[in-house]
Amino acid sequence: MDRIRRSHNEVTGESSNSAIGDFVGNLIWKQNMPVKVKHFLWKACKNILLTKTNLARRKIPVELTCDFREWLVDISKLGGTDNMVQVVIVMWMMWNNRNWLLHEGKRMEPQQLIERANTLLQDFIKIQGEGRTVGVKISARWRPPTTGTYKVNVDGARFDNKKSVGLGVVVRDFEGQLIAAASKRMDGLFPPAQVEAVAMCFAMDFVRDLSLRSVIMEGDNLEVVRGINSYGMDLSPVGLIIEDIQCKAKTLFESVVFSHVGRIGNTVAHGLAHFAKEIDDLYVWMEEVPTCVRDHFLADLSYIFYQ
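The numbers in our numbering rise by one with no breaks, and the one at position 242 of the sequence shown is 242.
Below, in silico cross-link-like pairs of lysine to aspartate or glutamate (EDC-like), each with a Cα-Cα straight-line distance of 16 Å or less: (1) Lys-163 <-> Asp-281; (2) Lys-162 <-> Asp-187; (3) Lys-277 <-> Asp-160; (4) Lys-162 <-> Asp-280.
Ranges of calculated distance between the beta carbons of each label pair, as one might list FRET restraints: (5) Gln-177 <-> Arg-107: 42 to 50 Å; (6) Glu-109 <-> Glu-288: 43 to 51 Å; (7) Glu-287 <-> Arg-107: 44 to 52 Å; (8) Met-94 <-> Ile-304: 48 to 56 Å; (9) Cys-247 <-> Thr-147: 23 to 31 Å.
Please keep in mind that the hints were generated in silico from the structure rather than gathered at the bench.
Computed from a predicted model, the values in this text were never measured in an experiment.
Ideal Cβ positions, reconstructed from N, Cα and C, are used throughout, including at glycine.
With the sequences and hints as input, model every part of the structure.
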């Protein structure tokens, strides 16, 4: 039986494929590259990106065997793992570019794709070198910022019957006192995460006009906050807004932190977002607590006073 099994493996190459698979698996997960890129590479090696398979389903004659893993091993041996990481990130960008063209009808030019891939890699290496972790600071209740910093709470709301969305922003200081607040209504309906991202983008422009340079931007949508704090490439509509937010963060402020808070800690911004349903465009309050959220504002004040 052992001889039969060995003969079978020699014919089918099963033992060889298994060894290559183990080697490639270790090669992938040990590399210093973004997790999204690792997942893409793993799917490519497992041949589950649904490229050749889809052609076969359409009765187009293609060879379904894949030598991608062997090619990846050769790249790592000939060029080293650093070059392999660069190649893989470009591949990941090409795959996302293909999906963007397929689903959105848009695409990046080749030179732009290469530049963004290099930027992604350099940013990731820089973050790793600084010992920073991509995470999200999470709080259940609203808490005041430290002296000299302002906390900006943000929320979004959908008004399906009016085919519009509402954006709410409130800016408070280290004592919990209101500096400014805004409620804005926009035409159009977007998915919830996209509404939250638009609200964050609007809030950053609002704070810029107040000439505040050290801020904590806080929202209750964990997906958006995580996206802002990550450095992966996302070509979806939400991802493009998040990229805009990240650019604003680098240019508009001396210090900016993005944090997540539970809904109970974001009630003032939530109320302002829903108040937008009653207005036509934009309403701003300066050092005046809006009547529509006064109870929520006082509740936050009492909480920090008695804690």
